[in-house]
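K.L.:
I would like the entire structure built from these sequences, with the hints used as guidance.
Residue numbers (my numbering), protein chains in the order written: chain A, 454 to 526; chain B, 454 to 526; chain C, 454 to 526; chain D, 454 to 526; chain E, 454 to 526; chain F, 454 to 526.
Hints should not be assumed to be uniformly reliable.
Anything over 10 Å on all C-beta distances counts as not near chain B; from chain A, calculated [to be verified]:
1. A491
2. D498
3. E499
4. L513
5. A518
6. A520
So the derived label-pair ranges between C-beta atoms look like this [to be verified]:
7. B:Q470 to D:R516: 53 to 59 Å
8. F:E523 to D:E499: 36 to 42 Å
9. E:A520 to F:D501: 30 to 36 Å
10. C:G465 to F:E523: 45 to 51 Å
11. F:R516 to B:Q470: 46 to 52 Å
12. E:Q483 to A:A491: 25 to 31 Å
13. C:P490 to A:D501: 44 to 50 Å
14. E:A520 to F:E523: 51 to 57 Å
Derived by calculation from the structure, the hints in this document are not laboratory data.
Here a beta-carbon is modelled for each residue, glycine too, at the ideal position from N, C-alpha and C.
There are 6 protein chains.
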Amino acid sequence: MPYVNIKITREGASADQKRELIAGVTGLLQRVLGKNPATTVVTIDEVDFENWGIGGLPVLDYRAAQAAKEPPR
Amino acid sequence: MPYVNIKITREGASADQKRELIAGVTGLLQRVLGKNPATTVVTIDEVDFENWGIGGLPVLDYRAAQAAKEPPR
Amino acid sequence: MPYVNIKITREGASADQKRELIAGVTGLLQRVLGKNPATTVVTIDEVDFENWGIGGLPVLDYRAAQAAKEPPR
Amino acid sequence: MPYVNIKITREGASADQKRELIAGVTGLLQRVLGKNPATTVVTIDEVDFENWGIGGLPVLDYRAAQAAKEPPR
Amino acid sequence: MPYVNIKITREGASADQKRELIAGVTGLLQRVLGKNPATTVVTIDEVDFENWGIGGLPVLDYRAAQAAKEPPR
Amino acid sequence: MPYVNIKITREGASADQKRELIAGVTGLLQRVLGKNPATTVVTIDEVDFENWGIGGLPVLDYRAAQAAKEPPR
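P.N.:
See below:
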């Protein structure tokens with residue numbers, strides 16, 4: 454009877470992709486630990502860009518900084 | 454000074470129902486454990502249907518599957 | 454199918470008290486929102502004193518400060 | 454590689470204020486515990502008034518009750 | 454840069470099983486949503502039996518009740 | 454009345470360091486958003502190494518892999 458919470462940035466995950474996440478995580482817990490899918494609960498939180506920080510920056514600034522670091526080709 | 458987080462599917466809980474949940478949980482913690490209501494914090498997360506999984510399925514698919522299992526009357 | 458997480462300081466809640474919390478919260482969600490107890494999940498986190506802060510202080514310091522503020526009787 | 458979740462009532466925190474929170478928390482963990490900012494993740498949840506309880510009341514009722522207690526000047 | 458939290462009852466999951474959960478969830482998010490494994494964080498909470506409730510009961514009582522319901526063979 | 458949860462790996466943070474985290478986060482929320490310290494709650498979760506994953510690996514394996522990548526000096 455596990456409980457899983459998945460937090461991702463809100464950027465257009467489709468209902469089908471969420472369905473795959475729910476099925477995938479539930480199956481993983483059954484396969485690895487023998488957990489009963491019937492009582493496995495999964496929730497997905499979609500977090501707005503400005504509410505997600507990584508590397509001390511809001512995520513869009515972080516991505517821009519990472520992209521700027523890449524060498525030109 | 455407990456902290457309680459309640460996650461429910463978003464399906465129209467009213468402000469009054471939320472008020473009852475907040476009062477009820479706070480009272481329960483006071484009655485059972487003597488916790489001070491003044492510093493008891495409760496948050497409620499309403500989660501969209503497609504972001505809630507149970508039994509390996511998004512919740513609406515799960516409910517449809519459960520309903521289909523019921524014998525006809 | 455709600456999910457509830459209760460965080461309290463670790464200070465000796467008994468198994469019976471936890472049983473009351475679990476039954477109480479599950480019953481509250483059934484009564485107020487009609488939620489099915491069969492798929493209501495409750496977890497309790499007991500948090501060490503030094504890992505709980507309120508008013509900018511670890512909780513034992515906070516309690517000592519509050520006690521010191523009370524007028525003598 | 455800490456993970457920090459900040460929950461606040463939804464009442465108009467600006468993108469710049471959130472940027473400050475993300476930078477501030479990440480810097481704090483680096484300064485106090487030597488944590489690497491590159492893998493420090495911060496998420497901010499903005500919670501609607503009616504979904505936040507304190508003192509057994511939804512937060513707006515709580516604030517009104519607190520204001521009513523203040524002596525007139 | 455997703456963040457995933459997995460809560461399970463504490464009943465002897467091995468380090469290898471946890472390794473599988475971490476790899477499995479991280480791979481799932483990469484496969485389904487293209488998320489970068491380098492910044493995917495997974496935490497596992499192992500929760501004592503008496504701190505986990507389902508169906509209004511602590512989990513061991515719940516399991517005993519479920520077992521008692523099974524017809525004799 | 455914010456609520457902040459800080460998750461770090463369990464590797465010997467002292468009571469004084471936790472005190473600094475609690476004071477620091479509470480002060481940050483007051484400075485940036487004007488939040489009242491009296492009702493700001495902070496909890497710290499210390500997570501065992503094998504329960505923390507990053508880059509698809511338990512954190513100690515991840516650190517070993519990162520160290521192995523560094524060029525010799």
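K.L.:
Could you run down the list of hints and mark each one as holding or not?
P.N.:
Now for the hints, and whether the structure bears them out:
no.: 1; hint: A491; result: 5 Å, violated
no.: 2; hint: D498; result: 7 Å, violated
no.: 3; hint: E499; result: 7 Å, violated
no.: 4; hint: L513; result: 22 Å, holds
no.: 5; hint: A518; result: 30 Å, holds
no.: 6; hint: A520; result: 29 Å, holds
no.: 7; hint: B:Q470 to D:R516: 53 to 59 Å; result: 21 Å, violated
no.: 8; hint: F:E523 to D:E499: 36 to 42 Å; result: 40 Å, holds
no.: 9; hint: E:A520 to F:D501: 30 to 36 Å; result: 31 Å, holds
no.: 10; hint: C:G465 to F:E523: 45 to 51 Å; result: 47 Å, holds
no.: 11; hint: F:R516 to B:Q470: 46 to 52 Å; result: 47 Å, holds
no.: 12; hint: E:Q483 to A:A491: 25 to 31 Å; result: 28 Å, holds
no.: 13; hint: C:P490 to A:D501: 44 to 50 Å; result: 34 Å, violated
no.: 14; hint: E:A520 to F:E523: 51 to 57 Å; result: 54 Å, holds
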